[in-house]
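Line by line, the protein sequences are chains A and B.
Using this note's numbering, read the first sequence as starting at 1 and increasing by one per residue.
Using this note's numbering, read the second sequence as starting at 1 and increasing by one per residue.
Derived by calculation from the structure, the hints in this document are not laboratory data.
None of the values given here were measured: they were computed from a predicted structure.
Treat the hints with care, as some may be off.
[As the list claims (entries may be wrong)] Straight-line alpha carbon distances no greater than 25 angstroms define the calculated BS3-like cross-link-like pairs of lysine-lysine that follow:
id, chain 1, residue 1, chain 2, residue 2
1, A, K264, B, K100
2, B, K96, A, K265
3, B, K124, B, K96
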Amino acid sequence: MLELFKHKIVLIIKILFIYIKSILKIMYKVNIKLTALITIAILLYACGGNQEEIIDEEIVNEEIVNEEMDQIDYVLPSPLQIAELFKSAGLSYIGDLTNPKEKAEIYNSKYDQKLNFGIYSADMAYCIMNNQTQESINYLSTLRKLSEKLWMTDILNSMGLSERLEANVGNEDSLTYIMADLQMQMDDYLDENGMGYTGSIIFAGAWIETMYLGAKVNESEKNEKLISRISEQAVIIESLIGSIKQNDEDNEFVDLISDLEGIKKHFSGFSDENAETTLSDEEVKNLTNDIINLRTKIVGE
Amino acid sequence: MKNKIYYIAFFLFVAFISTAAIEIIEECDATALKNELKRELRPEYRYDSSKSSRFTYKETPQIKEIEVPLFMGERYRFLFNTSCVPEGIDVKIYNKSMDKKNRTLLYTMESIDDQKIYTFEPEKSRKMYINYIIPGRASESEMNGCMIFVLGYQLAVLKSLD
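Same shape as in the complex, but just chain B (with noise of 0.2 angstroms):
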């Protein structure tokens, strides 16, 4: 009897932390997060949209994309905040979308320890598509995350100005 208290006791205990985890894993306040970027365009840039993608992990991959027009002879900066992300996702910038043959690989993001804010700087303005990668994952348990795009504008009237 006293065996079969502690199965149940350690059985429950298990199942509490993997739910506790999953439940934590799944906040995403993308307000905060977007916030976080918002900072890092001052003061050159200005904001100019954002995107918050969330994502359940599968067992296949997934790639979700998204369309960024940009008017040419400006500058942006592209940046995103992986602190959502618990498990790597690829992300790379194309310049045509993933249903076009020939497109040309412009970004892709080199994942480092600790960093979770990343940022690019298209050297030419176009339309660009992002895709996020999102990797398979065999497991019983679901997990979730999110993925915050935010992009700026520097207008080329105010650079000269500066």
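With the rest of the complex left out, here is chain A (with noise of 0.2 angstroms):
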């Protein structure tokens, strides 16, 4: 990087070299005020024309500014970790728990379509847990559809993820290194695009339906390790609270903040210095019954 910069600096110093050395050539030659003057006036075209450029870089960089001082930055696990943190603990796979994909065509909203785009991307990312190719190649189409509806077609498209998905049929491992590259590709899209809200309420809807299948499968058969694993979420709520409170400005997330405070006071009892709590069969209960109330408010009855 440093040796490109030399190498740009030194080309640059060389070709305006070459550029005055030219125009005092002709100075000299032909008619020197009025070269002067035609050179002065390009130059101080060139110069006003970037003014306006100089303008908007100013705007841009206030706005940097103000950030900077008035905010703290959030990062987000990936779903497939939290997804793989509950399979080690012994999710099973139960195969009517996942929203249809037909259900896709419902969500007319962009807020609708994001938070689906989540919970379809977990439900993705459950399957292929579960070596369930075809339901993940399914989701891959669903999530392809609505990715359509929020103009990130290019991500989905660009991968050959759906080919990838049937060359890789019954391999765990490499599935999960397809979608680990899906959530890679998607934050550098939403990254470089400025839509690092959008993300965030991609992620709710994505912990949404995790916490809701992790809360199923345990209500089916209990499992004290998927409980542990529910319970340490408590880490995970306050950031994303966070998260999507500074991306709020137009107050367009307010219910969903609230249901997420509502889930949070479910974790009341762990802290930074107590963060090795685990819920008890009431709290899980009563965590289960919200979360699965929030999931239907997002997917739909």
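Two chains, two frames, some hints: make the complex.
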């Protein structure tokens, strides 16, 4: 990078010297005053042309500075990691728990589409974790439809995901790497396009769905390890709410924030100093009910 | 007249070089820089998340904080790419946010000449706070930079299978 920078500077200096030299030659040979006027006029015009750009940059930079002074940034984990944690704790596969693909058609607002993009991402991760390759491909197709509505088509199309999924049928490890690739591409895309807020909403959907899957599987068959993993999600909920609040200048997500605050109350016994607590049976039951209600609100009846 | 032309040419030359230099420094290809970091995750760690932080140097120092929630019992690798940081910034990681008292410093990036990628692997996983301390810079010209952060995780269960 430094080498490239030095090379560019040397190149610019060389070009400028040649340019100035040739201008001076013309000045002596032809008409000094006229040439000087034309040169200055051209350079002033060029500088004037840049002024608009400079003003634009200043406005953008002011925004950046304000953000830096007032806000904390949040890094949220990948939904795949949470799915893997749950899977390693014994999250078994129950076929009809995931959100039906056909429902994707009914999500018309951008808000619903983003949240349900997260829901379907978590469902796809759940299927991949459990070697349900055909279901994973079907969910990928649903994600592609939603991404088109959200103008994020490029991410899914550019990776040849369907082909890669089909080529790795039955190979859980390869499938999880493909899912991790998708996460990386999506993070890069959202970052490049200044759409970090979309990432928070998508993550909210994915997190709620993973919690729902964990809670429902635990409900069907009590699993202490799974309860422990569900309990430690306390570390995420605060950052998730913070991240959404940070991007909610238009009060678009007030309802979602309020619902998540309701979920957060179930983790009130957790703190930085007391992070290894596990929820009691009663607390798990109450949390499960609230998660089911919130999930139903998002995916529809 | 000849001298005046030389002065004008010299002034324009300096202005042009300064502008070109600023524009070059402003370039921050976050995706490419992240890719450099992602390579440093393999083979033991898997990509978890990332954050590119863009900033403008001001006369007074600034602090930019990133909250990173980590799951207990999991192993993590923090990676930083300083390729687009024109003037050294301090990177520190704490156990508490900057508005809390009695926080513990867990990591300080020790800058090394020509090194652009830095790694931190915490002993114990819990919520952490990355602080970028951007130094003050008294100058007429504007200077921007960007710091790239990538987080990787190693599932305990995957580790036990190795």
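Checking against the hints above, which ones are violated?
-> none
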